[in-house]
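J.: Sequence:
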Amino acid sequence: MSEERTAQPVSAAGGATAALEVQPAWRRRHVLDLDDFSPAEIEAVMETTDAMREVLAREVPRVPALRGKTLVTLFYEASTRTRASFELAAKALGADVINIAASSSSVQKGESLYDTVRTLQAVGAQVLVMRHASSGAPYLVARHVQMNVINAGDGWHAHPTQGLLDLYTMRSHLGDLRGKRVVIVGDIAHSRVARSNLWGLTTVGAEVVVCAPPTLLPYGMRPLGASADGAPVEEPLALPRVTVETDLDRAVDGADVVMALRLQLERMTSGLLPSLREYARLYQVTEERLARARPGALVMHPGPMNEGVEISPAVAHSLQSVIEEQVTNGVAVRMAVLYLLARGKL
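Numbering of the sequence shown is given in the working numbering, commencing with residue 1 and proceeding in unit increments.
These are calculated hints, taken from the structure and not from any lab test. Do not rely on the hints blindly, as some may be mistaken.
Claimed, not checked - So the derived label-pair ranges between C-beta atoms look like this:
| hint | residue 1 | residue 2 | range |
| --- | --- | --- | --- |
| 1 | Arg292 | Gly175 | 16 to 24 Å |
| 2 | Arg118 | Arg292 | 50 to 58 Å |
| 3 | Leu174 | Glu287 | 17 to 25 Å |
Quick caveat, the model's predicted, so the values are computed rather than measured. Quick reminder that beta carbons are idealized off the backbone N, C-alpha and C, glycines included.
My request is simple: use the sequences and hints to build the entire structure.
T.: Following this line, the structure appears as structure tokens:
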């Protein structure tokens, strides 16, 4: 795939008919995860997001890239940020949007996922944004429909647009992310956000530290035992530039970014944690722990937050926190993804 730049900014003077010049490098029909994104593709999204932020700052924040197209959001799990930002993004690009929750659809009558998405295609939808509790569900759908499929979260597996908006937020403050130390702390085992961030961050050259109790690390990252000096022995990691820590104080030393993840209690079986109080004592991002990071280190959280558990209220609302900015950037990033898919022909 070509390494040339794939997008140019939308001119502020271009009005509603302004368009980005997209080169043939973007040929994706679906966005399912970041594990196969090249640095050039990520850069295309970042640059296009810059342009979309400019569009959103206009008096009339619209670009008619998806005029005449229909986007459907199909969510089998609850969502506030992702669903709302996709709807706003699609409408800003001129698309018609239909929101479907599984709880109010024919799924409740026993309809299969396959039949549901084939029905949506039959009524004329061109883009499907879906969230599902089963890892891999969007991949299955993408093999059986002509619609463009965007994964808005599948089980524990992936959440690519969250990973992209996190990259964009970091980049807007830190510039080039090569060599930056990014710490992700919390329930790594059940986090699709962590997985997509790992792929995206390592692709652009960041150094990533994941930190969690051993019971909340994926099997490929869990300590297998202890060496003679008591240090944990780790399984080999498939990803380069990823370090595993179980001590948060060590993990945050010199960090440029500290990202906290919530405990996904709804996905856990019993016995993974002694108590929430004990977890907070060892793994909560507090002011004292944040002081070990680099001065001005960014504080991030994909939401929803459980303040007082994985992050203290003082840190969540500190000047170093860019948590609300992540939410804001979500609209522009998802506009960029939709725009690039549209230029690749829906």
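J.: Indicate, hint by hint, whether the structure satisfies it.
T.: Each hint tested on the structure:
1. Arg292 x Gly175: 16 to 24 Å: holds (23 Å)
2. Arg118 x Arg292: 50 to 58 Å: holds (53 Å)
3. Leu174 x Glu287: 17 to 25 Å: holds (21 Å)
Of the numbered hints listed earlier, not one is contradicted by the structure.
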